[in-house]
Amino acid sequence: MSALIHTPLFGLLLTIGAYRFAIWLYQRSNQFPLLHPFLVAMVPVISILMLLDISYQEYMQQTQLLQFLLGPATVALAWPLFRQLTHIKAIGPHILIAVVIGGTLAAVIAVALAWWLGAPDAVLGSLAPKSITTPIALELVKFTDGYGPLAAGAVAITGIVGVLVAPLIFRLLRITDDRIRGLTLGIIAHAIGTSRAFEFSERAGAFSSLALGLTGLFTALALPLAWSWVWG
Amino acid sequence: MLDGLLLLLLFQFLGEMLVTLTGLPIPGPVAGMVLLLIALTARSNVLQRIAPAANLLISNLVLLFFPIGVGIVLEWERYEAYGLALFMSVVVGTIIAMILVALLLKWLLRHNVA
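Protein chains in written order, with the numbering used here: chain S, 12 to 243; chain U, 12 to 125.
Hint data in this document are derived by calculation from the structure and do not stem from the laboratory.
All values reported here derive from a predicted model rather than from experimental measurement.
All residues carry an ideal CB built from backbone N, CA and C; glycine is no exception.
Reference listing, derived: stretches of chain S covered by chain U, where coverage requires no fewer than 3 residues with Cβ under 8 Å from a Cβ of chain U:
hint: 1; region: 26–39
hint: 2; region: 187–195
Pair ranges (Cβ atoms, derived):
hint: 3; chain 1: U; residue 1: L67; chain 2: S; residue 2: P19; range: 14 to 24 Å
hint: 4; chain 1: U; residue 1: T52; chain 2: S; residue 2: W240; range: 23 to 33 Å
hint: 5; chain 1: S; residue 1: W127; chain 2: U; residue 2: F24; range: 35 to 45 Å
hint: 6; chain 1: S; residue 1: L96; chain 2: U; residue 2: L17; range: 20 to 30 Å
hint: 7; chain 1: U; residue 1: I49; chain 2: S; residue 2: P19; range: 31 to 41 Å
hint: 8; chain 1: S; residue 1: L184; chain 2: U; residue 2: N66; range: 26 to 36 Å
hint: 9; chain 1: S; residue 1: L128; chain 2: U; residue 2: A53; range: 46 to 56 Å
hint: 10; chain 1: S; residue 1: K153; chain 2: U; residue 2: L20; range: 12 to 22 Å
hint: 11; chain 1: S; residue 1: A233; chain 2: U; residue 2: I49; range: 16 to 26 Å
Bound conformation, chain S alone (with noise of 0.2 Å):
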């Protein structure tokens, strides 16, 4: 029986169980940032985890199937941005200066931050990709040697924070364009900021994903070079 808990059958079970009470119960309260399935979900993992005393590495070797299919949802990823980019020919080189812009600004001070507080290399390299969507994020850990844990808790935190604050620096700025809205939230808060921005309106929603996608792209290609190149 006991051995029973020790199969893929059961880290399944448990993960996707946990995750299905957690989308049930964010949807329940509107989708309140702070009971994001992100964080909902650790709740009842984590305390059946210590309970029946499973590692991470064996709950890591467990899931794998789920950790496998991030490639084929980051090559995904392609799909809705294909399906936006007909509102890139609408105001094209903005949304470009602002993404590689914005897309670097995210990373520098995330980077700045830690660095100015003694972070090692290793946390600045988690945290250089939290501003993007996650399966790219921990693609991009890969190269800048960085935990995979904790850069998936950051760009997930990020998100929440980016979607608790946005209302509040939105009506500070005085900004009512939905555009720039739902650019802002792609930018700084991948797709957790995206599903927000569909609150606003259907059209922050379409130019938040095409934010999120460009500014995955953009980092995917830029970090990687940058990072070599400063700490190279």
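Using the hints, position chain U against chain S.
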């Protein structure tokens, strides 16, 4: 769904091949994403078969990276010493970057009426 999965795996494989052959410093799946994007602009009628599989994966991204993310709690002692740096970077850094990007966009689009 099956066609979509097949195409995604194929493009990931092509991306990995491109990176291995050229030594480009980018992740294989990202190269695969770029190749798929280029292919889509050329043959979108065939390749839109990826939509069901792509949408399923993208709408459940949290599930896919969740097991890795659990490590931030289970291995917290590894990161504990840098708690303040992490907080400043992830919370304060995000707020600063968001303000700057919003201002930048406001300036860039000042003559471009919605």
